[in-house]
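Student: Note that the protein sequences, when read in sequence, are chains B and U. Sequential numbering from 1 applies to the first sequence in our numbering. Sequential numbering from 1 applies to the second sequence in our numbering.
Heads up, a few of these hints could be off.
Mimicking EDC-like on lysine to aspartate or glutamate, the simulated pairs with C-alpha atoms at most 16 Å apart in a straight line are [said to hold, decoys possible]: (1) U:K85 with B:E165; (2) U:K121 with U:E177; (3) U:K109 with U:E129; (4) U:K329 with U:E288; (5) U:K85 with B:D132; (6) U:K115 with U:E129.
Rough simulated footprint, nothing fancy, chain B against chain U, three-plus residues with beta-carbon under 8 Å [claimed, not checked]: (7) 83-95; (8) 98-111.
No lab work stands behind these hints: they were computed from the structure. Glycine included, every Cβ here is placed at the ideal spot set by N, Cα and C.
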Amino acid sequence: MSKKWFAAPYLLWSVGFIIIPLLMIFFYGLTDRSGAFTLENVVAILSPEHSKALVLSLLLSLASTVICLLLAYPLAMILNKHHLGRGSFIVFLFILPMWMNFLLRTLAWQTLLEKTGVINSVLSALHLPALDIINTPYAIVLGMVYNFLPFMVLPIYNVLVKIDENVINAARDLGANGVQTFFKIILPLSIPGVVSGITMVFVPAMTTFVISTLLGGSKILLIGNVIEQEFTQGNNWNLGSGLSLVLMVFILVSMAFVMKYDREGEGGMF
Amino acid sequence: MSHKLIDLSHISKSFDGEMVLDDLNLYIRENEFLTLLGPSGCGKTTTLRIMGGFEKPDQGKVIFDGQDITNLAPNKRQLNTVFQKYALFTHMTIAENIAFGLKIKNKSKEYIQDKIKYSLKLVNLEGYENRMPDSLSGGQQQRIAIARAIVNEPKVLLLDEPLGALDLKLRQDMQYELIRLKNELGITFVYVTHDQEEALTMSDTIVVMNQGYIQQVGTPENIYNEPENAFVADFIGESNILPSTMIHDKLVEILGARFECVDVGFGENKPVDVVVRPEDVVLTAPEEGTIEGVVTGLIFKGVHYEMDVMARGYEWLVHSTHMFPVGTKVGIRVDPFDIQIMNKPESEDEEAVTSNE
Numbered sequence: 001m002s003k004k005w006f007a008a009p010y011l012l013w014s015v016g017f018i019i020i021p022l023l024m025i026f027f028y029g030l031t032d033r034s035g036a037f038t039l040e041n042v043v044a045i046l047s048p049e050h051s052k053a054l055v056l057s058l059l060l061s062l063a064s065t066v067i068c069l070l071l072a073y074p075l076a077m078i079l080n081k082h083h084l085g086r087g088s089f090i091v092f093l094f095i096l097p098m099w100m101n102f103l104l105r106t107l108a109w110q111t112l113l114e115k116t117g118v119i120n121s122v123l124s125a126l127h128l129p130a131l132d133i134i135n136t137p138y139a140i141v142l143g144m145v146y147n148f149l150p151f152m153v154l155p156i157y158n159v160l161v162k163i164d165e166n167v168i169n170a171a172r173d174l175g176a177n178g179v180q181t182f183f184k185i186i187l188p189l190s191i192p193g194v195v196s197g198i199t200m201v202f203v204p205a206m207t208t209f210v211i212s213t214l215l216g217g218s219k220i221l222l223i224g225n226v227i228e229q230e231f232t233q234g235n236n237w238n239l240g241s242g243l244s245l246v247l248m249v250f251i252l253v254s255m256a257f258v259m260k261y262d263r264e265g266e267g268g269m270f
Numbered sequence: 001m002s003h004k005l006i007d008l009s010h011i012s013k014s015f016d017g018e019m020v021l022d023d024l025n026l027y028i029r030e031n032e033f034l035t036l037l038g039p040s041g042c043g044k045t046t047t048l049r050i051m052g053g054f055e056k057p058d059q060g061k062v063i064f065d066g067q068d069i070t071n072l073a074p075n076k077r078q079l080n081t082v083f084q085k086y087a088l089f090t091h092m093t094i095a096e097n098i099a100f101g102l103k104i105k106n107k108s109k110e111y112i113q114d115k116i117k118y119s120l121k122l123v124n125l126e127g128y129e130n131r132m133p134d135s136l137s138g139g140q141q142q143r144i145a146i147a148r149a150i151v152n153e154p155k156v157l158l159l160d161e162p163l164g165a166l167d168l169k170l171r172q173d174m175q176y177e178l179i180r181l182k183n184e185l186g187i188t189f190v191y192v193t194h195d196q197e198e199a200l201t202m203s204d205t206i207v208v209m210n211q212g213y214i215q216q217v218g219t220p221e222n223i224y225n226e227p228e229n230a231f232v233a234d235f236i237g238e239s240n241i242l243p244s245t246m247i248h249d250k251l252v253e254i255l256g257a258r259f260e261c262v263d264v265g266f267g268e269n270k271p272v273d274v275v276v277r278p279e280d281v282v283l284t285a286p287e288e289g290t291i292e293g294v295v296t297g298l299i300f301k302g303v304h305y306e307m308d309v310m311a312r313g314y315e316w317l318v319h320s321t322h323m324f325p326v327g328t329k330v331g332i333r334v335d336p337f338d339i340q341i342m343n344k345p346e347s348e349d350e351e352a353v354t355s356n357e
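Between the sequences and the hints, there should be enough to build the whole structure, so can you do that?
Tutor: Take a look at the structure:
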């Protein structure tokens, strides 16, 4: 029975740092400055500037998730096919940037992409047209893809590694060619990795405000930026919390949608 | 007999510079149950994978029904494989697993349904269509793997240690099941195992392999009763391998005592190896035997007693239904036709083969 006490620190942690903060967000989000109940902060999402930020966030994070998936899947397959395991140099190269500070990496892209930055200096030296994407949504998507790509590669790689080589051989043995083997066997078996990859890219991309601040200039506001500004500049915790709640619900619904597809995919892909 | 269905000629294969198969020649006749038998690392699975198309030989040719299929992809070959650990598609139902090959070949729905029914009946798993592979026991999964392979009506079924993961009782049941299946389907089986009993029970032909070389090819009786070298004798069943001298035809000197035998043509006064199976060693009263010894170990094995008898500096392994307690003085006698004479290994290859086992 005494073993139950081992759980106590974790319980304290989750009460102190998960449950109470969450309740506070709910409290702030559903009250006004005087403490009276209101839905105003939540409904505020419908205002043109807020809903525009939410839609833009959604579009950009969807775009980055799709691009990450398209880049990561072939890469994970190559890593797996050539038995470039966890200890290999190439995997190491992919993980290495993750050890660098997230802010620094994003700042580096700012320097690279600036109008007079490294990339454009090189381009103009070669008499090529300048790359003018800093402070545009393209730069934000680039930053998201760059920062979150490893989170897509690793879960997909992990499921691919676990697929028994003989299962693939069996499909070949039963007459399937390479393409059929991929779509009927490899892809369906790797869906759990794809789902967790999507989750791990989509959620941070949806909530980020650092990437959009650094690479989007002050003109492009994502929902993350709006919420951040309510807390830091606007000093309106109630509105910030209300919008956070909306964002949270939004992410939960998106994830539920992905999970549902995953479960249907298990039997239905055949 | 029937013609050669698969002919492997001069096959060599190495992995990372390590020779796995060295100039292997082997043919498989139509409708034969052929077993590749050997310890792990002997090259038996590689041989099977070369037939299935999952490995390409460095040298040599694979001829299937008169056609060179050495470079043909696995999906283009008229043979199917039952893999070690079954390799079922865990995201599909049993019916979908079995239908996989047929759907690829665009067979009609009715045909596929009939085939699923027929194959499940054949492996005694009727009504399992909508189960998932993970919900089945090892033995059941194995049957599904077999069903999935045979619905495609291959000319040859390759089986890679298919019973390796099953417990003893189930393994024995499945052995009979496989023999029955083979007889019902009338197709050629190529079976890989390291279990000599399994090989002896099921095969028409056994190919004993070690270190990338074929040691002996023959019927189970042939392999068991007349092993060609010490490796085969040692690997197939238990045996006493005794360094001896062939005095002349039909007379051999074992451990200094002369035994009559039936072998001829080994020359005179030539060193040879003699194999005597433990069940062929007859224990008698001390004065009645050819040589004398003392029982040093006794274990009850169910059907028989297993005894160790120390005689003339060699510990003989004896199986007998008569029990002699430890310490008993006994005589050892061997009937002439139970003495199997083998040439001493001549080449270094064979030497390595024997000493490594």
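Student: Checked against the structure, which of the hints given earlier come out wrong?
Tutor: 5
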